[in-house]
Every structure is written in structure tokens, then in C-alpha cells.
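Residue numbers for the sequence shown follow this note's numbering, beginning at 1 and rising by one.
Rather than coming from a laboratory, the hints here were simulated on the basis of the structure. Any given hint could be a false lead.
Unchecked claim - Label-pair restraints from in silico Cβ distances:
#1 Glu2 to Glu77: 36 to 46 Å
#2 Phe120 to Val55: 32 to 42 Å
#3 Pro95 to Glu2: 31 to 41 Å
Don't be surprised by glycine CBs; every beta carbon is placed ideally from N, CA and C.
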Amino acid sequence: MEHKAKAIRPFIGSNNFELSRSFYRDLGFEETVLTHNMSVFKANDIAFYLQDAYVKDWIDNTMIFLEVDDVDRYWKELLALNLTAKYKTVKLTPPRAEHWGKECFVHDPSGILWHFGQFFNYAFQ
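My request is simple: use the sequences and hints to build the entire structure.
Structure (C-alpha cells):
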């Protein structure tokens with residue numbers, strides 16, 4: 001099977017759609033409203049769909065890995081946004097080094113876990 005894929009866009013949910021929309025705009029994603037209960041958020045060549053839908057088991061088990069060019073710089077930019085003061089349920093976990101690279105973590109307002117990572121070991125890319 002030959003793939004000529006151009007992108008992959010996950011669908012994620014939210015337990016407070018308006019709050020989550022605000023959060024992702026604060027992270028620097030550009031929002032395009034598709035319907036009253038769904039938006040697409042884009043940054044450069046990546047995108048994802050945010051839905052006004054909450055299923056606890058789905059949200060609690062959703063993780064997204066976003067590769068960045070410099071985790072340490074990205075972490076400093078995250079801290080500068082003061083997200084934990086603005087969004088009471090947001091959690092930030094500082095960068096940690098692994099054998100494959102480095103990553104930091106953000107739980108969005110609904111609890112979705114984002115990994116922001118940088119690969120050092122190309123076998124894991």
C-alpha cells in the first residue's frame with residue numbers, strides 16, 4: 001500500500017469548548033470555526049479539530065505528541081504565557097531528557113496530555 005499522505009489531523013474533545021478554544025488560541029494556534037461545535041486549529045503545516053464533545057474515558061486517554069525544534073525554548077515560551085494562572089485545570093511539567101530526546105508536557109483545560117518533544121536519537125523519529 002502506497003501512501004501519499006499530506007497531513008494527519010486528530011479530533012480532540014473538550015469539556016468546556018469556549019475555554020479550550022481560548023487556550024489553544026493562547027498557545028498560538030489559528031482557529032477557523034467550522035460549525036457551532038467544532039473548530040480547526042492550525043500552526044504552520046499542522047492542525048487538529050477541537051469538538052464540543054466530552055467523553056471522560058476518551059479525554060483521559062488522549063495524548064498528542066508535537067515535535068518542536070527546541071524544547072527548552074518552547075518551555076520558556078509556555079511559562080511566559082502564565083497558563084496555569086489563566087486556566088485552573090492546566091498542568092505544566094518541565095522538560096526531561098530521555099535516551100531518544102527531550103520533552104515537556106501540558107495538560108489542556110479538559111485534561112488532554114500534550115507532549116512537546118525534540119528528537120536527538122533519529123531511530124525514534
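Now the hints, each set against the structure:
Between Glu2 and Glu77 the CB atoms are about 38 Å apart, so this pair conforms to the stated range of 36 to 46 Å. Hint check: Phe120 to Val55, Cβ distance near 36 Å, so the stated range 32 to 42 Å holds. Between Pro95 and Glu2 the Cβ separation comes to about 37 Å, which falls inside the hinted range of 31 to 41 Å.
Checked against the numbered hints above, the structure breaks none of them.
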